[in-house]
Amino acid sequence: MSPTECTNNRKSRASPDMPLLEIKNLKMDFGSGTDALRAVDGVSLTIGAGETVCLVGESGCGKSVTALSIARLVPAPPANYVGGEILLNGRDVLKMSNGELRQIRGGVVSYVFQEPGASLNPVFRIGNQIKESLKLHRPIGTPASGTARINETNTPGQRPALQNYNDEVIRLLKLVGIPAPESRIKNYPFEMSGGMQQRVMIAMALASEPKLLVADEPTTALDVTIQAQILELLHDLKQRLGMAILLITHNLGIVGDMADRVAVMYAGQIVELSPAKELLRRPLHPYTKALINSVPKLAGGADRLSAIPGNVPRIGNFPPGCRFAPRCPIARPECSEKIPELVEVEAGRWVRCPFWKTP
Amino acid sequence: MLNRLLTRLFWSAVTLLATSVLTFFLVNAVPGDVARSIAGAKASPEVLQQVREKYHLNDPVLVRLGHYLVQLARGDLGHSFVTDQSVSEAILTRFPTTAALCVTGLILWMLAAVPLGVLMAKFRGSWFDRTMLVAATLSLSLPAFWLARMLQYWLAFRLGWFPVAGFRSFAHLLLPAATLAIISGGYYALLIQANMMEVLNAPCIAAARAKGLSETAILFRHALRNALIPVVTVLGTDVAALLGGVIFTENVFALPGIGTLAVQSVFNLDVPMIMGTVLFSATLVVSVNLVVDLLYQWIDPRIKADY
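Going down the list, the protein sequences come from chains U and P.
Residue 113 in the numbering used here is what sits at position 113 of the first sequence, and the numbering runs on without skipping anything.
Residue 27 in the numbering used here is what sits at position 27 of the second sequence, and the numbering runs on without skipping anything.
Excised from the complex, chain P in its bound form (with noise of 0.2 angstroms):
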């Protein structure tokens, strides 16, 4: 069990490093000065040469890719070029805020997807089966920026039921989260059905009937534990999609996250704060995973046999 942790904290070291170096080059490639984009445009060619010094950006590529994988090994993240603030700092301030809304989201997908995937399989062919059939297709179709838009201005801005933007109350979150909860809700709703569909034809569901138990009990309990183990794997992968919709709704709600974050240093090539936000990013990815894995095993005791 230990062997196998410490494996896994391996090859997620492995897929960092590998992020780090893959981010640096893509933002090498980006078209764009990012000496002017510092200096301003208007900054005379003597003032873009020392910008340039100051930030080695006249080393070669290699040379500077040893530098920031130095600098990284020290746990240091670098200074944004526009602001000079600390990269660390701009994004740990900022991450409450996007796990705030990750968990919101999370939490109304669950409320959403769990019971709507179990009644669908319960009601199979029914009415309300065949048009949460059609919703959650739709819904899993939906691009989540013009989602978000659309939820702003309806039911923000026209019926004014919600916050429009920013971040000062919890209601703030909702709609942001609605939206994340709504472009996976649907998927994981058909994806719970269609286990619980195969699940519920199993013997033991019958031997559990059989003993007297309550259809609910049944369901949720002996039925919904069996058909969650494939879904809590692809919850694994789909983390980065949600942290993919985080960007969006972040900025269609302008709330201060790592999404706005990210963003703004692209559109400012803010090299130092770019770099900095996708490797916290994977980093999530990386140990919400490696959560994901020890769930697995508490939710499917078979799989600890196996390690």
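Chain U extracted, bound-state conformation (with noise of 0.2 angstroms):
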């Protein structure tokens, strides 16, 4: 390590204070030159130890992308960061190399993802996927978490040495509610139902004992009885485990019960950043309102499912000014003039709207 690195890690050291993960301004182009798109465009969000964020918008408002970039997952190119910071235990992922990345991912951040039967490789048994991340992050012998260079709010020593790969296998499929587990460890994916599949992916994010566990949409393709135990299960493992959880999610029914605050992204910008209790007790921005009320209710006796009118605008073809403003109920021609400002209107509260108080 060159001696400005040895001054760099010192003065970025993760104080108590610090937020786990801060993302400041990030911007984020696919493509290059005349023909780059915009897809995250100025996104900061801080994500403290413990806490449960959620992270809430449409296909295609760029959510996908700003969680993989926290490990730098979207593959660069097309992907090209043009501007922002995303500062994981202080230290900045945008200027980290291959090796510390690769550090990083699962060591501090780890992913579950969509569809488990494709995340899950087919080829290998479940017991050796979970163990190949035990041997990438904690080692036979080595104390407590394998990313202590990076992960420097760990103290060293808190949990003894792993002795053996497989009785860790065992209980962390145990720890994800997966019966018998002894007798799992030789299943192939294909082999499990698409339940227990997100169940082992949960237990490969949570073998390498990370700070921050994303999971982007983990119960979209699984049905409803088992999206509701995969959320207690992630719920639950929270409160014992004490990581802190991005939920990435278009369902706004999960965020009351998961989360500790949201953020809700439009056209690649955060709209509303909010509590998450008071998002859904009282939204200020017109796109939140919106999205709250085009929730299917079954008491009143709705007749018509109430939708947004108009669509998604698509990367590369944002309207000008506030990029809601076309589909707006609330929006005054000046509103296209210039994209507003997200400003804190109450403690904790953020809105992207100088007229969120228009009823």
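Just so you know, the hints here were simulated from the structure itself, not pulled from any lab data.
Nothing false has been slipped in among the hints.
Below, computed lysine-lysine pairings styled on DSBU-like, alpha-carbon distance capped at 30 angstroms: (1) U/LYS238 / U/LYS277; (2) U/LYS238 / U/LYS186; (3) U/LYS289 / U/LYS277; (4) P/LYS122 / U/LYS27; (5) P/LYS122 / U/LYS131; (6) U/LYS95 / P/LYS122; (7) P/LYS122 / U/LYS135.
All values reported here derive from a predicted model rather than from experimental measurement.
Assemble the dimeric complex from its two separately framed chains, guided by the hints.
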């Protein structure tokens, strides 16, 4: 390690009050030069240790790429980071070398993806796939987390060293609620149901003892009863393990049960950021209001589903000014002139709309 | 599983029976007088008559086929018309050479095709990929006999890097094996590349990357194993092509293997020897296919579940 890197490390060492993740004004294009399409436009988001944050938005709004960017998992090219910082434990992910990235992937931030069936490698036994994470991040004989170098808030030796990979795999499978894990470790992914596969994915993500679990629509591919079970599992694990969760969803129903805070994204920008309960009770941005209104209600006997008129603008074709303006019920002519700023209008409540008070 | 294996064995036997019957008729349809080729161009009519009687050449075709099949059922491939040597003995003494050539060829092509295909997929669109694409397309369009002659002329005869012909050391195998490797390696590199491109876009590769695996582990462990599944299927059928290539290369490089034996026996109209070599090659193809089938299950556990 060069001397400059050393000082850098010391300077950026995580302090107790520093958030686990701090995304600052992140700007990411797909492609470069004249073909560049801005997919993420000035997103800022912090997640504290042990906090659950939901990132909500329609397909194509940039929520997944934002989440994948935390471990720089969007293939580059086409991805092209043009601005901003992603500070994970105080260190900028966008400036990390490939070796450092491999350490934080799994080591600090783990991912659970949308389709468990496709995200597990079909030709390896699930036990071996989990073991692979252990070998990478918690090799036998090393005390505590294998990511101690980067993950500095972790006190070394808080857990005894791993003695045996198989025992730990079984413990993890038990932790995510897989019955008879001893016999399951020899299974191939195709021999399990979708819900069980997602539990395996979660066990694999937890194997490396991450500080942050990013769950990218973890229940979209599952049927409703299984969805509830998986969410409950995530909630329960969070309580027991104290890790932070970034949950990406387009389902507002999940938000109330899971999230401490919610960020609503629209067309590559965060339009509202707020504590979850307050957002659901009293949404401020017209887009959030429209989203909440479009959730079908059983009570009240509404005869028609209320939908947001118009379509989500496509990347590269964003309207000038406020991107929601063409679909917004309270839009004024000046909305299409200048992109509004994300402003803190009440304590902890940020809104990208100067006219949020308009009923 | 056992059931499946038995079914496969049964159909393999049927294939071999059909092959022997078909070859029998084909060899019979070849123009030329077998008796004359045995006895020599200047043989008298009496001698020719004797030869015909000795080898039952005057019997009706179906009777001879019957004799042949009965003989086969006893595991006897007959004796050469020309040297009177036992056909099975001739094949078995020559088989090690052919096997050594095939195995060396296969190893060479795997050593070339697998890394090339993987790297072409990894560096898709780069100058490396484009150069290799041209080279691979070229190599798969080359006829084996021409390539063998060119390698022999330039690398062995002109440059003297390799022995020109014969089989006295392992070095004698290198050029013939390279011929086989080049003609099939290019195609497999392209095949592996195409499969890798598809696999690399799969969510499980993104998940593997998110775990913190190195690119090498992702490419060669996670992706390659998935990309090899379709390749292994084609490999089974391509062994036949490999044996075809063996015939040319063995003859060009004068290797004493099955290929030279087959060609000699065709020139001599040595009917039992032709039938023997063809049947032997067919057996090889059938058994390799069986092995590939088993290999396929090992490489893709989902297959086993279907049985």
